[in-house]
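> Chain by chain, the residues:
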Amino acid sequence: MNLLKTDHIQRATNVAQRLFEEQMLVITPKDSMLHKFNAVGTFIWQFLERSHSVEEIVQGVQKHFDTNDEEAVSQDVITFIEKLCEKGLVSLKSE
Amino acid sequence: MDTLAQSINREASQKNIPLSVFIELTRRCNCTCYYCYQQSLQQTKELSLEQWQQVFSQLKSAGALYLTLSGGEPFVREDIFDLLKEAKKQNFAVSLISNGLLISEVVAKQLKDFTVMDVGISFHAAERDLHDRLSGMPGCFDQAKKAVTWLRQEGIKVVLKHSVSTENFGQFKALQRLATQLDCAFECDCTVLPDTPGTASNYSLTVDQYKEFLTYMGQDSAGCSVDDDQAALHCDAGRSLCGIGPNGTLYPCIILPVPLGNVTESSFMSLWEGDLANSFRKNEKSLSKECTLCALKVHCSRCHAVALLEGHSWQGKSHSLCARANALQQIGKQKK
Ligand code: SF4
Numbered sequence: 001m002n003l004l005k006t007d008h009i010q011r012a013t014n015v016a017q018r019l020f021e022e023q024m025l026v027i028t029p030k031d032s033m034l035h036k037f038n039a040v041g042t043f044i045w046q047f048l049e050r051s052h053s054v055e056e057i058v059q060g061v062q063k064h065f066d067t068n069d070e071e072a073v074s075q076d077v078i079t080f081i082e083k084l085c086e087k088g089l090v091s092l093k094s095e
Numbered sequence: 001m002d003t004l005a006q007s008i009n010r011e012a013s014q015k016n017i018p019l020s021v022f023i024e025l026t027r028r029c030n031c032t033c034y035y036c037y038q039q040s041l042q043q044t045k046e047l048s049l050e051q052w053q054q055v056f057s058q059l060k061s062a063g064a065l066y067l068t069l070s071g072g073e074p075f076v077r078e079d080i081f082d083l084l085k086e087a088k089k090q091n092f093a094v095s096l097i098s099n100g101l102l103i104s105e106v107v108a109k110q111l112k113d114f115t116v117m118d119v120g121i122s123f124h125a126a127e128r129d130l131h132d133r134l135s136g137m138p139g140c141f142d143q144a145k146k147a148v149t150w151l152r153q154e155g156i157k158v159v160l161k162h163s164v165s166t167e168n169f170g171q172f173k174a175l176q177r178l179a180t181q182l183d184c185a186f187e188c189d190c191t192v193l194p195d196t197p198g199t200a201s202n203y204s205l206t207v208d209q210y211k212e213f214l215t216y217m218g219q220d221s222a223g224c225s226v227d228d229d230q231a232a233l234h235c236d237a238g239r240s241l242c243g244i245g246p247n248g249t250l251y252p253c254i255i256l257p258v259p260l261g262n263v264t265e266s267s268f269m270s271l272w273e274g275d276l277a278n279s280f281r282k283n284e285k286s287l288s289k290e291c292t293l294c295a296l297k298v299h300c301s302r303c304h305a306v307a308l309l310e311g312h313s314w315q316g317k318s319h320s321l322c323a324r325a326n327a328l329q330q331i332g333k334q335k336k
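If you read the protein sequences in the order shown, they are chains A and B. Position 73 of the first sequence, counted from 1, bears residue number 73 in my numbering, the numbering being contiguous throughout. Position 232 of the second sequence, counted from 1, bears residue number 232 in my numbering, the numbering being contiguous throughout.
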């Protein structure tokens, strides 16, 4: 999967989730598996409360974690979003 | 190695976060199962949809993630889909437990739109006549099987649930095969709650039956290591789990009748952090000497609810727990 910075990402609507001791617990709908996100994953998941483009997510992460390393953040964000897509937790929003 | 779910549950238990909540929506049911303790209880007022909406919201704030919706039969509530809609809105992972009678092809399709993780369908037997007789409802077996098939067609996980008793002993073997055939999971329990307080259920297994059943299921321990015998008597009730009855009464566990208050009179959190809940947790440290000094405790699948319902105190011993522990000890010895 090749994500573009302009792609808009939206959360699936049938996902069970809870913030547990500041980390997000999410259950994948397909297989009912429990997942725990780290701090960055938790931030991205909460940021996706509303749909955002990949670029906006990268900027959001940079701002929240106070880092200028756009290259590294982009890579991490894209890898994470791709995993979320595979698990059916998010999808690309059709314009 | 712990799975993630086990380690989250342990953390929740240490911090008293009610991760799993078992809700009995109603005592009404369209079956009259032979062992059902609910039939001996009075019908009770049921919380309305609006009241459950408030309770769900309070449970969410308290950290609850898993909701089990049961009854009675949960599908007799006409607003069951509104309740599921609310559970989805509040991002709960829902498990339903049903006899399958009201699950049509259309209902199975509708369930896909919610955050339903699985549906448990009760089977007393793998034989039509026996299941129908034990559920008190002719046609129940065929309908339950259809319900399973329709749910699976929609890709919904189904758990075939079976309570082993003296009335249907041995059926677990054929039911396990049926579960495989119907592509569902199989959960088997051999705890039969008595409907008359103070005695073990007439349907409770004998030590030899426990041995046969546990050996067949490949279970040769209660799941705790020998040097962890205090943990053997611990239960997560009132810590990472709790139950709420149809009228809003909060319990440490849905089958443990130690009321902690009513969620229609006080907020969930004020009850969860209140005196009754705290003294329940404190009292778990003072179980009866019969249990704390018991040589079988590492084999015991301690359940305070069974102890209370079969005896006089949730801190005491229980006939069926002792029989089961005895069976596990004998299996262990034979293995050695
Ligand atoms: S319930 Fe029975 S087996 Fe379990 S610890 Fe108490 S006395 Fe021992």
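These are calculated hints, taken from the structure and not from any lab test. Predicted model only: the values in this text are computed from it and were never measured. Do not take every clue at face value.
Covered stretches of chain A (in silico footprint by chain B; criterion: 3 or more residues with CB under 8 Å from a CB of chain B, positions within the stretch not fixed) [said to hold, decoys possible]:
#1 32 to 44
#2 51 to 58
Partner residues are not named here, just some residues of chain A that face chain B (Cβ under 8 Å, in silico) [as the list claims (entries may be wrong)]:
#3 20
#4 25
#5 27
For glycine and all other residues, C-beta sits at the position ideal for the given N, C-alpha and C.
> So, for every hint listed, does it hold in this structure?
Hint check results:
no. : hint     : result
1   : 32 to 44 : holds (count 4)
2   : 51 to 58 : violated (count 0)
3   : 20       : holds (6 Å)
4   : 25       : holds (6 Å)
5   : 27       : holds (5 Å)
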